[in-house]
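**Student:** Spelled out, the chains give:
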Amino acid sequence: MAIPAIQIEQVHKRFGTLHALKGINLTVKQGEFFGLLGPNGAGKSTLINILAGLLRPTSGKISVIGHDVVEAYQAARMALGVVPQELVFDPFFNVREMLRFQAGYFGRGKENDAWVDEVIESLGLTDKAHTNMRKLSGGMKRRALIAQALAHKPPVIVLDEPTAGVDVELRQLMWEFIKKLNRDGHTIILTTHYLEEAETLCSRVAMMKQGEIVALDSTVNLLNKFAGKNLRLQLGRASLPASLLPMLKHGENGVFTLALNELSQIEFALAELRKANVTVEDMQLIEADLEDVFLSLVGGT
Amino acid sequence: MSVTPKLIAQEWRGTYTLFKKEVLRFWRVAFQTIASPVLTALLYLLIFSHVLEGHVQVYKDVPYTAFLIPGLIMMSLLQNAFANSSSSLVQSKVMGNIIFVLLTPLTYLQFFIAFLAASIIRGLMVGLSIYLVAIWFVDLPVTHLGWILAFAFLGSALLGTFGIIAGIWSDKFDQMAAFQNFVIMPLTFLSGVFYSIHSLPTFWQIVSKFNPFFYMIDGFRYGFFGKGDISPWISLTVVTAFLLALAWLALKMLKSGYKLRG
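Protein chains in written order, with numbering that gives the first Met the number 0: chain A, 0 to 300; chain B, 0 to 261.
Next up, chain A with everything else stripped away, as it sits in the complex (with noise of 0.2 Å):
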């Protein structure tokens, strides 16, 4: 059986009286598109810096590629590159500079160089390479800490909300980079608040939730799991009638959602409304996506 990417084996994390992060396992196959969902303060930051090492965890076992994080730290973060959520910088180096020092810190020399230049152009760095860090706009520094955390050409790479404030035209660059990065073999590890962005890319995510993982499936399971349609009725002041309570996802100021089967329910709905005299102001048919998933299981916080 192939070594797992990452291996998260009951891992608690306390700051204090906070229980950040209660009892995580997760398992994640080498050459997997991973998402980790939830909302802020649910702990996938803290677990991400358990992983890079950048905290301690209280209690548990965390692996990369079967090194442990805490004893055998260096051969893991051999095989991390991890893509921080701020925008950070070194203010005195130019873009190469620094990429060539983050390779070196990991013992990299002049035969990565031209790893280094494809990182580069392929992030649409290249005129940007002799410019000082302090000067690139935020997208570019967006960029350039990508780059960064690839420049020792690790095997897992982990990002944490990459695309929080960056443009369009720069997120549809980066994915595709970053696809390839994954079809090249590399384990993607993605956190994220654009489910969208979960929904197309990753093949399997987990979302957590105040500290502990709440689901963990293949996307296209998990959508398959909620894939009923709704059934979105904005009916004024009236009542929903009681023979389709049954269906009610929720409703409130008079707007309610009906998970649907199949189809038929709708006529079914209509008529059970027309012979309660009901009247529909507005009705809207609507997809299920992650959204709905994570809003059913993280919602109601």
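None of these hints come from the bench; they were simulated from the model.
Every residue gets a Cβ at the ideal spot worked out from N, C-alpha and C, and that includes glycine.
Please note that a few of the clues may not be correct.
Stated by the list, open to error - Below, computed lysine to aspartate or glutamate pairings styled on DMTMM-like, alpha-carbon distance capped at 20 Å:
1) Lys140/A x Glu175/A
2) Lys152/A x Glu10/B
3) Lys19/B x Asp112/A
4) Lys19/B x Glu110/A
5) Lys171/B x Glu85/A
6) Lys92/B x Glu110/A
7) Lys140/A x Glu160/A
8) Lys152/A x Glu117/A
9) Lys251/B x Glu70/A
10) Lys5/B x Glu110/A
11) Lys140/A x Glu85/A
12) Lys134/A x Asp166/A
13) Lys228/A x Glu290/A
14) Lys134/A x Glu96/A
15) Lys258/B x Glu85/A
16) Lys5/B x Asp112/A
17) Lys152/A x Asp116/A
18) Lys178/A x Glu168/A
19) Lys178/A x Glu198/A
20) Lys152/A x Glu96/A
21) Lys228/A x Glu266/A
22) Lys274/A x Glu286/A
23) Lys228/A x Asp288/A
24) Lys109/A x Glu10/B
25) Lys152/A x Glu31/A
26) Lys21/A x Glu31/A
27) Lys254/B x Asp67/A
28) Lys254/B x Glu70/A
29) Lys248/A x Asp281/A
30) Lys19/B x Glu96/A
Stated by the list, open to error - Quick look at which bits of chain A chain B covers, simulated, 3 or more residues with Cβ under 8 Å:
31) 53–66
32) 71–81
33) 99–106
34) 268–279
For chain A, the structure is supplied; the task is to place chain B on it using the hints.
**Tutor:** Just chain B, lined up with the frame of chain A:
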């Protein structure tokens, strides 16, 4: 990971890269990090020698200006070795870019060696620059080169290490500045840069002997004139002991991840 030649080469390159980055960091702004302390030291030299030359004589046959130069060189060397590691660490902590080093396989020992070595280079460069300028104006003998080099090296290592401790401990620039203004400055000024402690009342002579800066400056000066307030061997012992104690503390902080890894 088992220790293999490949691993050793990799670790060597990692340490060297961080060292090189730290040296380039100050070299890029050499006007501020080298030229400016050299100018400050020369201004001290100009003013104090003008005021005190002929009025004060510390050692027989040694003019006051000549006496002053080793003290000024050492003072600047110590201050700059401290400034290098401390400001680099505080800045990268405040900016957040320290993360780039923390994400790497560099061990705490590699981290320590790289930051320390860069501080030593900065201290020695500042010291040497002042020397090279000062000898145009004043005759300065070199009696024991070995002692000069030993104290220059140990002094910059000691303050570089202290800078690492201050840099890790400080969360903000003003905390680091407090180290500089309330610890480094008083200790340097009260260490005998401008005078021999033999000119002090007995009480202050005893107090001065608790000041590690006194030993660094006295030992360094001994290398030039072949005379000092105490034996250079005692100074060597005291300075080495302080260096080892601070290095132990710095390594302990780095190993525990204090203020760097949660």
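**Student:** All the hints need checking, so say for each whether the structure fits it.
**Tutor:** Hints versus structure:
no., hint, verdict
1, Lys140/A x Glu175/A, "18 Å, holds"
2, Lys152/A x Glu10/B, "17 Å, holds"
3, Lys19/B x Asp112/A, "17 Å, holds"
4, Lys19/B x Glu110/A, "18 Å, holds"
5, Lys171/B x Glu85/A, "19 Å, holds"
6, Lys92/B x Glu110/A, "31 Å, violated"
7, Lys140/A x Glu160/A, "14 Å, holds"
8, Lys152/A x Glu117/A, "11 Å, holds"
9, Lys251/B x Glu70/A, "18 Å, holds"
10, Lys5/B x Glu110/A, "15 Å, holds"
11, Lys140/A x Glu85/A, "10 Å, holds"
12, Lys134/A x Asp166/A, "18 Å, holds"
13, Lys228/A x Glu290/A, "13 Å, holds"
14, Lys134/A x Glu96/A, "14 Å, holds"
15, Lys258/B x Glu85/A, "18 Å, holds"
16, Lys5/B x Asp112/A, "19 Å, holds"
17, Lys152/A x Asp116/A, "12 Å, holds"
18, Lys178/A x Glu168/A, "15 Å, holds"
19, Lys178/A x Glu198/A, "14 Å, holds"
20, Lys152/A x Glu96/A, "16 Å, holds"
21, Lys228/A x Glu266/A, "14 Å, holds"
22, Lys274/A x Glu286/A, "27 Å, violated"
23, Lys228/A x Asp288/A, "9 Å, holds"
24, Lys109/A x Glu10/B, "15 Å, holds"
25, Lys152/A x Glu31/A, "17 Å, holds"
26, Lys21/A x Glu31/A, "24 Å, violated"
27, Lys254/B x Asp67/A, "17 Å, holds"
28, Lys254/B x Glu70/A, "13 Å, holds"
29, Lys248/A x Asp281/A, "17 Å, holds"
30, Lys19/B x Glu96/A, "11 Å, holds"
31, 53–66, "holds (count 3)"
32, 71–81, "holds (count 8)"
33, 99–106, "holds (count 6)"
34, 268–279, "violated (count 0)"
Checked against the numbered hints above, the structure breaks hints 6, 22, 26 and 34 and satisfies the rest.
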